[in-house]
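Build out the structure end to end from the sequences listed, making use of the hints.
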Amino acid sequence: MRWPSRDTLLILASGLSLGGLGAALAVWGNPANSGICISCFMENLAGSIGLHQNLRMAYLRPELAGFVAGALISALAFREMRPRAGSYPVLGFTLGVFLIVGSSVFMGCPIKMMLRFGAGDMTAVAGILGLAAGVWVGIRYYRAGLDLGATRPGSGALQGILVPSLVVLLLVLSLWVPGVLKSGTTGPAAQRAPLALALASGLLIGVLAQRSRFCVTGSFTNLFMARDWSLARGLGALMLGAVALNLATGRLNVGLLDQPGSNPDHLWNFLAMALVGFASVLAGGCPFRQLILAGEGSVDASVIILGMVAGGGIVQQWGIASTSAGPTGYGKAAVLGGLALCFAVVRFHRRS
Amino acid sequence: MGTHTVDRITEVMAVLCIAGVVWFMALPGGGPGAGTTLAALRSEEIQEGDLQRFRGTLQEARRMVDSNADAKSALEALRSGYPGRHEVWVLSARYHEAAGSEPSAMLDYARAVRLEPAYLDKGSSLYLGGRIEAITGRVLTLLLEAKAGGALGAPEQEQLKAAYFLKRRLAGGCE
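Going line by line, the protein sequences match chains A and B.
Okay, so the first sequence: first residue is 1 according to my numbering, each after it adds one.
Okay, so the second sequence: first residue is 1 according to my numbering, each after it adds one.
Just so you know, these hints were derived from the structure itself, not from any lab.
Possibly wrong hints are sitting among the right ones.
So the derived label-pair ranges between C-beta atoms look like this [what the hints assert, rightly or not]: (1) B:Glu76 to A:Leu240: 54 to 60 Å; (2) A:Leu240 to B:Arg138: 34 to 40 Å; (3) A:Thr185 to B:Leu27: 33 to 39 Å; (4) A:Arg79 to B:Leu27: 51 to 57 Å; (5) A:Met225 to B:Tyr127: 46 to 52 Å; (6) A:Ala150 to B:Leu27: 39 to 45 Å; (7) A:Val254 to B:Ala134: 22 to 28 Å; (8) A:Val254 to B:Gly150: 24 to 30 Å; (9) B:Pro155 to A:Gly236: 42 to 48 Å; (10) B:Thr3 to A:Arg79: 40 to 46 Å; (11) A:Met225 to B:Ile9: 17 to 23 Å; (12) A:Pro194 to B:Ala77: 48 to 54 Å; (13) A:Gly255 to B:Glu11: 37 to 43 Å.
Okay, the calculated bits of chain A under chain B, using three or more residues with CB under 8 Å as the criterion [said to hold, decoys possible]: (14) 27-40; (15) 181-191; (16) 323-333.
These figures come from a predicted structure and were not determined experimentally.
Ideal placement from N, C-alpha and C gives every residue a C-beta, glycine not left out.
Encoded structure:
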């Protein structure tokens, strides 16, 4: 048997750490099945800086700073720090908003979707199918001549590290001056893994994800575009890590209707994740991948992160985020609005 | 597929999505989403003068429920007058519990939890998780037995939805 290549090992390690630590963070204190959820973390961050008033969702998660800092450290250490920018900052910001809209209607980003599936939550299946469908549609448009412009290197080192540094500085500030950021004492905001474990997990995952280029939507993209299974192996490792941890801790509960942090509306779960898949293809990666790209100096990813933070505030403040009772009317409208935006983007950015 | 066809399909999809946005925004309370109706009610502020009256009526109804007096009409007035107040639904649930109607009690607890999630927060002064979990478990067992025996009617379907909503919330996770 041939020993897997270094790249394959990195992808497997990345997936395994996301799945294993994602499930472990929930055991250590994060909300059930939400050990890692970039959209939840963004809503938490938005609440902590006062962009929405739901204190139950206000807390700066150390994992978030860990992901970005890990990617930054790794990019610097391996000389892969490349400040670069594209041509459509406003579009990137808006796509960032809608990445969170879709995720909040589904009740989780693509990583949480996989973690939910790995914990036996069968409502995630509609989300997985929706994400795959969204990615597939996006790829069809790339094949039909979609052109959002190339990124250009040399956009200035400061621009490249500004947003990642801000995220890390916010965490330092919240630890140095307690109370400067809002921090909920009830609900999901009060459910936290210990700081050291959360930060260490974030750093490790950030380094591995930067080295491996692992991305949930990227796995589907490579599979559909080039029949390339390399990233999809990472997805398998993520599932393996999550299932193993959940089995070991007695948290594996296979079912459809009584799952934590889920809603039972399969149609809207499908459409919401289709929006995330479609928008991720246009944005060049899932919400988690944007954090890693920002750590490597991508100004585009930094703008998308700013959009995701704004989205975190909007979905909470405007009643767009779903609850365990189901999606809201505003949530459904926002998902359709996001899909309309994606279709408009591909209509107007196609080479004839 | 030709460029022209791709463009037309894209335009139709965009227009359909925009029509959907208009449709959902035009519906009362932001649309028929299960989470919307009560969320919209929650945002209804009670004016200062009305707040005094609400507190008085609630206190009177609470006294009646505590003393096993007939609080039916008082609770009906509260439910129709202040459907966005979680205290009303908890009191109504307690009334139904005392009357031995656990499915109705569970429905009212579900409404209260949607308005005030702290009822399931351990450590909160409002915490009623143990009580709600026990009732939900018993009602769900009965509903599943009834379902196995044949199709459920509309009220039972609603109870089943409420039971699973409470089970999901009791399981934790993000809201």
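- Query: CB of Gly255 (chain A) to CB of Glu11 (chain B), is that within 37 to 43 Å?
  - Reply: holds, 42 Å
- Query: Regarding Met225 (chain A) and Tyr127 (chain B), is the given constraint of 46 to 52 Å on their beta-carbon distance met?
  - Reply: holds, 51 Å
- Cβ contact check, 8 Å cutoff: the segment 181-191 of chain A against chain B, three residues minimum: holds (count 5)
- Query: Is 33 to 39 Å right for how far apart the beta carbons of Thr185 (chain A) and Leu27 (chain B) are?
  - Reply: holds, 35 Å
- Message: Can you tell me whether the CB distance of Leu240 (chain A) to Arg138 (chain B) sits inside 34 to 40 Å?
- Response: holds, 38 Å
- Query: Given as covered by chain B, does the segment 27-40 of chain A meet the bar of three residues or more with CB within less than 8 Å?
  - Reply: With 6 residues in contact (Cβ-Cβ under 8 Å with chain B), the coverage given for the segment 27-40 of chain A holds.
- Is the distance from the Cβ of Pro155 (chain B) to the Cβ of Gly236 (chain A) consistent with 42 to 48 Å? With a Cβ separation near 45 Å, Pro155 (chain B) and Gly236 (chain A) satisfy 42 to 48 Å, so the hint holds.
- Message: Is 17 to 23 Å respected by the C-beta to C-beta distance linking Met225 (chain A) and Ile9 (chain B)?
- Response: holds, 20 Å
- Query: Holds or violated: 51 to 57 Å for the Cβ distance of Arg79 (chain A) and Leu27 (chain B)?
  - Reply: Cβ of Arg79 (chain A) to Cβ of Leu27 (chain B): about 55 Å, so the range 51 to 57 Å holds.
- Could one say that the CB atoms of Pro194 (chain A) and Ala77 (chain B) fall in the range 48 to 54 Å? holds, 49 Å
- Message: Please check whether Thr3 (chain B) and Arg79 (chain A) have a Cβ separation lying inside 40 to 46 Å.
- Response: The hint (40 to 46 Å, Cβ to Cβ) holds, given that Thr3 (chain B) and Arg79 (chain A) are roughly 42 Å apart.
- Query: Does the Cβ-Cβ separation between Glu76 (chain B) and Leu240 (chain A) fall within 54 to 60 Å?
  - Reply: Check passed, 55 Å falls within 54 to 60 Å.
The structure fails none of the hints (numbered hints given earlier).
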